[in-house]
Amino acid sequence: MHELSIALNIVDGVLEELERQGSGQVETVHVRVGRLSGVDKDALAFSYEVACEGTALEKSRLIIEDVDVAIFCPICGGERPTREFPFLTCAECGASAERIVHGKELEITAMEMVT
Amino acid sequence: MVEVRRNILKENDLRARHLRERFHAAGTRVISLVSGPGSGKTTLLERLLTDLRREYRVAALVGDLATENDARRLVRSGAPVKQITTGTVCHLDASMVEKSLADWNMQELQFLFIENVGNLVCPSSFDLGEELRLVLVSTTEGEDKPLKYPTIFNTADVAVVTKLDLAEATGFDFETLAKNISGVRPGMRILKVSSRTGEGIEELERFLVARQSDFKVPLFSKAERSGAPK
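These protein sequence lines are chains G and U, in that order. Every letter in the first sequence is one number past the one before it in our numbering, and letter 105, counting from 1, is 105. Every letter in the second sequence is one number past the one before it in our numbering, and letter 198, counting from 1, is 198.
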């Protein structure tokens with residue numbers, strides 16, 4: 001389970017951003033987690049609470065947004081969803097992906113402050 | 001609401017990028033091995049170190065939660081080997097690699113192998129600055145491993161099927177495995193070896209010493225190993 005490492009990285013990242021903002025208390029942290037990121041959502045939610053203990057984020061909430069897989073299809077010539085997870089085949093024409101466009105995301109997108 | 005847009009693994013990615021630049025400047029080709037526990041990473045590495053050492057200056061880092069058993073095995077090859085014991089951590093990260101290289105002169109190394117902790121999930125998120133990542137699947141595992149652990153396959157560059165000498169005994173079906181690999185990672189190159197009999201080893205070694213441009217699979221670049229944005 002590497003979700004604890006991921007959670008600790010979220011906490012460090014948010015604390016750094018918070019410092020940049022000046023001050024304030026964080027109520028909610030928004031993250032995006034791709035289906036191909038290899039990170040389990042439940043394990044991350046649990047780990048986040050542990051990672052926040054004793055920090056300025058102690059009472060904050062983590063909102064996890066799933067990101068579905070999207071590929072670049074060389075036949076359709078554009079971004080397409082895939083037919084069936086975890087296969088990287090175009091949902092429309094069945095061709096193999098040229099590359100993954102979405103689904104590997106692991107990012108902090110926003111934080112909400114206590115007003 | 002304050003917009004942030006920040007990669008969660010930003011720090012690891014930055015360290016990995018620095019490592020990659022350092023390896024490149026030193027002319028060291030860095031190859032990492034990932035697989036589940038017991039797929040034959042150490043046995044294969046023992047063989048590669050022994051063979052490649054005849055012509056190249058090679059070294060290895062080997063990660064495990066505990067024990068120095070793997071390092072002890074690999075040292076028999078005569079190559080410099082360092083064990084990274086991670087304690088409770090289930091993967092290597094760029095800072096562990098950086099730390100363990102502190103007293104090694106990279107200029108002296110032509111090849112550096114990094115054996116990750118045996119785990120098909122966790123190592124996939126962490127870029128180590130390597131040039132090439134090999135994912136090993138043994139013939140004693142199920143052919144559906146790529147479907148169960150797609151992320152490790154699409155963060156690796158090449159798949160190596162190990163324990164070829166046991167394929168018949170286990171009823172291993174190569175075609176099914178190959179189909180599953182290309183399903184989750186179109187275009188991925190697959191090599192087959194037996195570290196015990198030596199079958200396929202020479203081909204793998206030729207492949208590893210070939211020019212970078214020859215073995216790079218252009219489909220999924222290093223930049224895509226971890227999530228966007230940078």
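Among the hints, erroneous ones may be present.
What the hints assert, rightly or not - List of simulated lysine-lysine pairs, DSSO-like, C-alpha gap at most 27 Å:
1) U/99 <-> G/41
2) U/148 <-> U/179
3) G/59 <-> U/10
4) U/99 <-> U/148
5) G/41 <-> U/82
6) G/59 <-> G/41
7) U/82 <-> U/99
8) U/82 <-> U/148
9) U/179 <-> U/192
It is worth saying that the hints were derived from the structure and are not from the lab.
Taking the hints in turn, this is what the structure says about them:
Taking the CA atoms of residue 99 of chain U and residue 41 of chain G, the gap is about 31 Å. The hint is violated against a cut of 27 Å. About 14 Å separates the Cα atoms of residue 148 of chain U and residue 179 of chain U, which keeps this hinted pair within 27 Å; it holds. Restraint check for residue 59 of chain G and residue 10 of chain U: satisfied, since their Cα atoms lie roughly 24 Å apart, inside the 27 Å limit. Of the pairs offered as hints, the one joining residue 99 of chain U and residue 148 of chain U is violated, with about 33 Å between alpha carbons and a cut-off of 27 Å exceeded.
Distance check on the hinted pair: residue 41 of chain G and residue 82 of chain U sit about 34 Å apart at the alpha-carbon level, beyond 27 Å; violated. For the suggested pair residue 59 of chain G and residue 41 of chain G, the alpha carbons sit about 19 Å apart, so the restraint of at most 27 Å is met. Pair hint residue 82 of chain U plus residue 99 of chain U holds up; C-alpha atoms about 11 Å apart against a cutoff of 27 Å. Our distance criterion of 27 Å between C-alpha atoms is broken by residue 82 of chain U and residue 148 of chain U, whose separation comes to about 31 Å.
Between residue 179 of chain U and residue 192 of chain U, the direct Cα distance comes to roughly 15 Å. Compliance with the 27 Å bound is thereby established for this hinted pair.
Of the hints listed earlier, those the structure fails to meet are numbers 1, 4, 5 and 8, in rising order.
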